[in-house]
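**Student:** This is what each chain is made of:
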Amino acid sequence: MSERGLSYREAVAEAMAEEMRRDPRIFLMGEDVGEHGGAFGASRGLYKEFGAERVRDTPISESVIAGAGLGAALTGMRPIVEIMYMDFMAMAMDSIVNQIAKVKYMFGGRAVVPLTIRTAYGAGRGNAAQHSQSLESWFVAVPGLILAMPSTPYDAKGLLKAAVRNDNPVIVIEHKLLYNDVGPVPASDYTVPLGKAIVRRAGKDVTLVATSRMCSLAARAIEQLTQDGIDVEFIDPRTIKPLDMQTIGASIRKTHRVVVVNEGPRTGGFTSELSARIMDDCFDDLDAPVKRVAAEDVPIPYNPKLELEVIPAEKDILAAVREVTS
Amino acid sequence: MMTNTLDNETLAGHYRLLLKIRFHEEAIKKLYQEGKVWGTTHLCIGQEAVAVGVVAQLRRDDYITSTHRGHGHMLAKGGQLKPMLAEILGKATGYCKGKGGSMHIANMELGNLGANGIVSGGLPIAVGAALSAKLRGTDQIVVALFSDGATSEGNTHESMNLAALWHLPVLFVCENNRYAVSTCCANSIAGGDLVGRAAGYGIAGTHVDGNDLEAVHFAARDAIGYVRGGHGPRFLECQTYRIEGHYVGDAMIYRSKDETDEWRKRDPITHVEQLLMERDVLDQKQLQAIRAEVEEEVREAIEYAKNSPEPASAAIYEDLYTGGVGS
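Here the protein sequences line up with chains A and B, keeping their order.
The letter at position 255 of the first sequence is residue 255 when you use the numbering used here, and the numbering goes up by one with no holes.
The letter at position 290 of the second sequence is residue 290 when you use the numbering used here, and the numbering goes up by one with no holes.
One chain only, chain B, in its complex shape (with noise of 0.2 angstroms):
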């Protein structure tokens, strides 16, 4: 076996878990569609190895922060199907009680701090939860997801800047889509190379195909390991592309379809299903009845969403502030 090799129960396991994240933002795109998704919602299609390899190594009581298309990212750190489509859907079962949606879905006990509207809002937010990691003694580390768009905000190497400054434990994971809603990363990343920004600030990096989940995976791995070793931050990014459209509805009049038609063909998913294959791990067969598994756990999750309760007109002044103060 090769090195960077993933292995077989964990491949297995990991393709299980990109197809929940796969049919999940599948379903949402259809329960879009059919008008049942209120406001807007963004799909990580053809993203999934980022959150797979990058978030699924983490233990329960690391942090990550992540970003406006972070449902994958969610599920990938535990999150379970039921909650989350309910979230989505806006109903009083789900992980923010419907007060958040697609867009702000967190749970303190998985470590979540937050899927975030504003890119870059939550790389400050990881930078002190690493601060808080340090002062508390633990060897936690937190992980902040964000996108190409977001190295153009103040935010973003401020955050690398003060990590680095302390030595904290923030992996940067830069999940690299190529596009901020229709503009190409080659139209604002100046330079192209995010890897040397990271340098700039004496924070150690490296790039990798992320389409490949045990690329990411391993490449993760070495980054984790530097980070929770008490060596201060890393920064990792991960080549990808946005197969949908920045929302659901979106005409992508931007690109061309040959270029979404090649990254296709780098389907993350179809690319484990075949080193599941060629390794003899599973067989079509096996691989069709797991699909089958996880379609039935994604229905059973919208029937669950749906059937779900609207949150009460009180609840409005609920969860404003902690122990009553405030009028």
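Okay, chain A solo, but in the shape it has when bound (with noise of 0.2 angstroms):
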């Protein structure tokens, strides 16, 4: 079979379409989801081959698109919601924080809830401070919860029908930046596990995790170490909750130093809890203190220099591998 190159916003409408064709008790709702085909194309196509039923335009009602889904998953639905901006979180965490997450176990188990939510995250596109936020680290404290975060349109397409199969909440974060890169992604049924991470570059002189979008800068970041002759482990985790220790910890097992980035703020962000978890499992094994990458504690500023300079950038991670490597 001839590879394919698709863009990470079609990966994610192919995923859905196929999961839909495969079985009728998915459908889609969430913000102009239907014709329009989403505020950034991903269900593009899908209104048109599954009609209004299954692809479901919505009111601007985020606690109650999500709370719904949850209902409808409760009663025998796989569904699947949109939330357009994860900024818009914020209206729904009701919903998601004290019920998705918890009806599993607050009713003692007996319920099943088969939920994928995804949004859309992320600075870069001059949308200033409430729609660019990095908030997967609220979440990350919500036991309860599957965080995915897609950086390839590879995985865009495999973490999100993992995510429709699997028969808990999961939230699939998608970088509003990825929408257009363009990646090999098969034509063929597959799926990118849940909780397990990948090794995108084999490397012994120092792990960099990074998660999403940072991927992108950190790859270009490692060819310019790689000139230097720093020789890179990059790890991507790909699910952040649960978050595969075991990759993480091999690899720093391997180079005893390591570098972890994520968009969101470095107080309370992602990388706080990483390189928590590093410490946790890897003391012993580091030569260097963790090194984190994260964003300023600011909201992200409209002004494209401004936001650019608060967000992690490729001279930042450059920065950081070269000071636990010297």
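Treat the hints with care, since some could be wrong.
Footprint (simulated), chain A over chain B, 3 or more residues, beta carbon under 8 angstroms [as the list claims (entries may be wrong)]: (1) 100-112; (2) 148-160; (3) 297-305; (4) 309-323.
Keep in mind the hints are simulated off the structure, nothing from the lab.
Each residue gets a CB set at the ideal place from its N, CA and C atoms; glycine is no exception.
Two chains, each in its own frame: build the complex with the hints.
**Tutor:** What follows is the structure in structure tokens.
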């Protein structure tokens, strides 16, 4: 079978279309996901194929979009709900945090919640403070959820298909700046397992762990570092909850140095948890402190120069790796 | 017979169910005062006619979403006393294996999608279950039970809007017991007209004396028939009164004893006893016999709950995920 190139956006749409063809219990609902095809075009073509019953435009009601997804999931359906911007999850926090994440446990295990929540996050588009956040660490702190952050078109399709087939609430967090990225995506049916990291490059000098779009920056930084003679082992966790500490730990036991990169804020962002887990599991293997690359502790500013200065850049990753390997 | 009169057998059956809820709640109050109930608990004493009048006539495969004051809803949906009381005592034999407690009692087989510790938290779930029923092509309906307090939450409005927009089979039942913790509905509901609020979403509704079992039953029957017929949601406000405090131990300084005493005179159970006697269905002695039987049932359930095992510590990490995903 020939290798196809698809955009991340097309990969998301294809994952949903394939799953909806396979299982009539799956439907999509969210704001402007129908004829409009979603704010980022990630459901383009679905309305035409599946119609208004299975690709449902909702009013702007994030709390009930998420909560209704739960009600449908508890009663025999397998919904995919889209929260247009991750920032808008703030409007759905009760449904997600108090209901979706907890019902199974609160009910003594006597419930199954096959619910997928898709959302778009991240800065770099001039969308300013309320449309640019990386809020994944909020949800990392909520037991009962699974969080996936695809960084490539291949993973966007494979992780989403795995999420839809999973019997738990899974939040798939897509990066707005990745939707146009093109990469190889098999037309065949495949899934990327939840809870499994991938070693994108083997190396011996330092472990670099990066999430979502930060992987693109990391890959560019690694090209430079390789030229400089630094052999980087590069890990993409792909699922940040549960976190594959086995893969990360095995790498650190080899390299003894680690840099972690995430677009969330330095304070309480995902690098905080990631570095704490590494300290828990790998302290004796480390030859240098864990180095974090994260966003500044400010809201994302509108001005493009300021915005880029606030979020991690390739040069920040380069500096961090050089520091821990010097 | 009047058209809005329950047949004798149903009325007698409902009397037994009302008592079951009342005695259940009284038992919890006593257990709480004895220090045997951990955490907090919210009693529905005085509101039993809403639970029985609305929920008891649902089919087993219909759904309800309930509230933090939801013991009566669960018992009226077919809940059993033993796992109810065991759950409230936090035991492994409870409906939620002791992990949910009073505010999270649920049972999928009985169609109870959960009591809820969050005021209005159940309404979006009800809308989703109704969407599911519609997409699966069944004639199941969902009754979303909520309080006067919930009518000020955005969830309630978002849920009514979406249910109306999509013509979903939801019966919204506002159990207006006049108090949200200490705040009287007069101080929380602008305009004061809840039926009018629903009408704003194109949802027809009515209000009914929530302490009159037959009135509740027939108003709910009409609404349920409409919703099951695929015509979209309906709204029913049951006007009742929370005889007890918000929680067991509430000093209730925010309302007068006179007010509470007035409502005690309108006890829904006393009312049904009068009907049963007036209609020569049961006499005083037979009523007393039924009371004694239900009391005994509750007593047995308490013993069962007390003697049930605590959950094992190993249970802490069980029941979080389906299929072993998670760390």
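**Student:** So, for every hint listed, does it hold in this structure?
**Tutor:** Outcome of the hint check:
Residues of the segment 100-112 of chain B with a Cβ under 8 angstroms from some Cβ of chain A number 5, which satisfies the need for three, so the listed coverage holds. Look at the segment 148-160 of chain B against chain A: 4 of its residues bring a Cβ nearer than 8 angstroms to a Cβ of that chain, three or more, so the hint holds. Under a criterion of three residues with beta carbons nearer than 8 angstroms to beta carbons of chain A, the stated coverage of the segment 297-305 of chain B fails, only 0 such residues being counted. Residues of the segment 309-323 of chain B with a Cβ under 8 angstroms from some Cβ of chain A number 6, which satisfies the need for three, so the listed coverage holds.
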